[in-house]
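A.B. asks: For the protein sequence lines, the chains are P and B, in the order given. So the first sequence is numbered by the numbering used here: it starts at 75 and just counts up by one. So the second sequence is numbered by the numbering used here: it starts at 75 and just counts up by one.
Don't take each hint at face value.
One copy or any two copies: either way a pair holds, since identical chains are not told apart in the list.
To be verified - Within a straight-line C-alpha distance of at most 25 Å, the following computed DSS-like cross-link-like pairs (lysine-lysine) qualify: (1) K179 with K97; (2) K86 with K176; (3) K162 with K391; (4) K224 with K439; (5) K188 with K351; (6) K162 with K351; (7) K188 with K113; (8) K292 with K242; (9) K165 with K188; (10) K162 with K399; (11) K327 with K365; (12) K242 with K263; (13) K162 with K365; (14) K293 with K242; (15) K179 with K365; (16) K162 with K188; (17) K162 with K292.
The hints are simulated quantities; they were obtained by calculation from the structure and are not laboratory data. The structure displayed is predicted, hence computed values, not measured ones.
Protein chains: 2
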Amino acid sequence: MNIIKYMLKNGKQKIMRLKILHKILKDSGQFPYVVFNLKNIRYLTGFTGSNAYLIIDENANYFITDSRYEIFARTLLNDDYRFIIQKKGFKDVFEQFIKENKIQKIFLEPSELKIDVFNTLKNAVPETELIPASDYISEMRAVKTSDEIKIIQEAVNIADSCIDHILKIFNPEMTEWQLSAEIDSFYRKNNCRRTSFDSIVASGPGSAMPHYVPSFEKKIGTDTLLMIDMGCEYLDYCSDITRTFFIGNVPEKFMEIYNIVLEAQNYAIEMVKPGVKCCDIDAAARTHIEKRGYGNFFGHSLGHGVGLDVHENPYVKSDNSELLKSGSIITIEPGIYIEGEGGIRIEDMICVTDEGYMNMTGSSKEIIIL
Amino acid sequence: MNIIKYMLKNGKQKIMRLKILHKILKDSGQFPYVVFNLKNIRYLTGFTGSNAYLIIDENANYFITDSRYEIFARTLLNDDYRFIIQKKGFKDVFEQFIKENKIQKIFLEPSELKIDVFNTLKNAVPETELIPASDYISEMRAVKTSDEIKIIQEAVNIADSCIDHILKIFNPEMTEWQLSAEIDSFYRKNNCRRTSFDSIVASGPGSAMPHYVPSFEKKIGTDTLLMIDMGCEYLDYCSDITRTFFIGNVPEKFMEIYNIVLEAQNYAIEMVKPGVKCCDIDAAARTHIEKRGYGNFFGHSLGHGVGLDVHENPYVKSDNSELLKSGSIITIEPGIYIEGEGGIRIEDMICVTDEGYMNMTGSSKEIIIL
Chain P
75 MNIIKYMLKN GKQKIMRLKI LHKILKDSGQ FPYVVFNLKN IRYLTGFTGS NAYLIIDENA
135 NYFITDSRYE IFARTLLNDD YRFIIQKKGF KDVFEQFIKE NKIQKIFLEP SELKIDVFNT
195 LKNAVPETEL IPASDYISEM RAVKTSDEIK IIQEAVNIAD SCIDHILKIF NPEMTEWQLS
255 AEIDSFYRKN NCRRTSFDSI VASGPGSAMP HYVPSFEKKI GTDTLLMIDM GCEYLDYCSD
315 ITRTFFIGNV PEKFMEIYNI VLEAQNYAIE MVKPGVKCCD IDAAARTHIE KRGYGNFFGH
375 SLGHGVGLDV HENPYVKSDN SELLKSGSII TIEPGIYIEG EGGIRIEDMI CVTDEGYMNM
435 TGSSKEIIIL
Chain B
75 MNIIKYMLKN GKQKIMRLKI LHKILKDSGQ FPYVVFNLKN IRYLTGFTGS NAYLIIDENA
135 NYFITDSRYE IFARTLLNDD YRFIIQKKGF KDVFEQFIKE NKIQKIFLEP SELKIDVFNT
195 LKNAVPETEL IPASDYISEM RAVKTSDEIK IIQEAVNIAD SCIDHILKIF NPEMTEWQLS
255 AEIDSFYRKN NCRRTSFDSI VASGPGSAMP HYVPSFEKKI GTDTLLMIDM GCEYLDYCSD
315 ITRTFFIGNV PEKFMEIYNI VLEAQNYAIE MVKPGVKCCD IDAAARTHIE KRGYGNFFGH
375 SLGHGVGLDV HENPYVKSDN SELLKSGSII TIEPGIYIEG EGGIRIEDMI CVTDEGYMNM
435 TGSSKEIIIL
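Model the full structure from these sequences, guided by the hints.
C.D. replies: The structure is reproduced here in structure tokens:
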């Protein structure tokens, strides 16, 4: 994997991505364009810090950060970028750029631009037109290259191994938090910098809360459901999978519910191919759950894209009529939640391929009774 | 600590904070007011999820989230809030609120409001005036109550214990990443949900990068500096401390640099009391470092507030003339960084008291040679 890491940090991908962005901006007449989203900056440059901006102009690109990141950023950037260390805030650099280059209008990436930052910039250059534009880089990120798919597959493999690890070390005397900490520790031992989100370890009625927070005090116990939703960041890319286990004797109806959720998931996965509407995938799972009488117990959307962010384009939900593209990676994660009793969710990561789909997730979906 | 947790979750603090906000909004004539910042929502309600909004009106408060958080949120909220589950996005709820209540103008908290969200809301209710207002809750958060100070003190104590733990288990054969993972594991075993930021473990020339990322491959080694900057989140509140250690034989000049940084820190800390300008605290440390000839090697600002966020108001930097208030908690963290060789930073957390200050940090600042 070091070769891929090297390529990402030093190689062709960064140059290619910048070229594509330049072509988009040229075709749409949107130079200069300012990038505020740090994940988008990471995508273009490999920079992983907490403060940076890009100004992409037709004949020059500017990378702006502060002194804390100066040495690190210099190791990443090639001649494509002019390097600027901001002395105070970004506003001063922005103002100077506008004035020196006599810019009449400038296009701003909207997804992470806060209204107070926008107003500060606007007040600094009142004569210049500031135009919120499309988030082109997030759109680019929705289609992964083969190198990115390889890295994300590795992130999923590590999550699969973590499920195996949990099944080995599990005992009902552990608190939810202890199991959650085990997940985190497993990831760190496997060279993941962090979990891709706070791991969900939910037993009993907690499993009926789709985004439950593991308890420090509550033991997992027996005769209960155990829902585990987690993932890691590997080489900056995320994974996200969910499995629900049965511990001891669980009311019979949850066996039925498990199978309904699994069938719903399969219906949705089978539909995945380029050109299908995201909302139709959502509907495939939702309709099945409704038909089986649990429509009111599945409130969230079916899935989301995964990449540098654990939630990114495309969103698999009822009000998104966007068409799936080959190279996107999405989750399919239906669930049924009975308040006060428990819930079942099953989540896989699916890669959209030219032919249809590839399920990236290896963990068993048989009912496992611990 | 369970009593404090209980109070925070159920008790007086939430009611008091909401009352103060109501008074501010009434005095400034800024009803209704929409809250977008999740940490501010946590401050008012205890909600820890990833999607929520508040609409604060003179005679009613609305808490809006999605179905994933429904059960969890209901357990937190008292009668002060009307509870709304958004079916699609926040936009629909916002539009309905504006139309049902015939709102002519509405005030929006600016700090986390993205320009594209602002434009979406604006387009939904073109007849209504949308006014970015002040971030009143962040201002409230800059002054901690005695209960908050107790919790943050505990978060600092855990970080101090973590320094002790590191000194016990350290050996030069460990990679930077292994030591970083040890820090994380220590925090999780001590009931911290997460680190308050990615721990910095930097040896050799890496310590000259103020925000270095620990290497998976690089062993810490001997005859080197070791900079550790880390903190935890305990009951949602953050800590943040830095210590720099000497391993084996380090060039003599770093002993001198260590003492300059420590002196600079002491000059700054001694100035801390209510009514002093933040920029003057920064200047106290910076002037000393300049006088000793290292002005060009200390690029970042001196410190920042710490609370629910690890970086929050007040910012201790050269362009902030805000006056310190009793009850604020800030870091004081000067550093000197020599590119290619190494760097020294020493960071304490300081509570501003009525009389002056209390240093919350217990870890030794003697030069420690490992």
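A.B. asks: Quick one: which hint numbers does this structure break? Sort them smallest to largest.
C.D. replies: Checked against the structure, the hints that fail are numbers 2, 5, 15 and 17, while the rest are satisfied.
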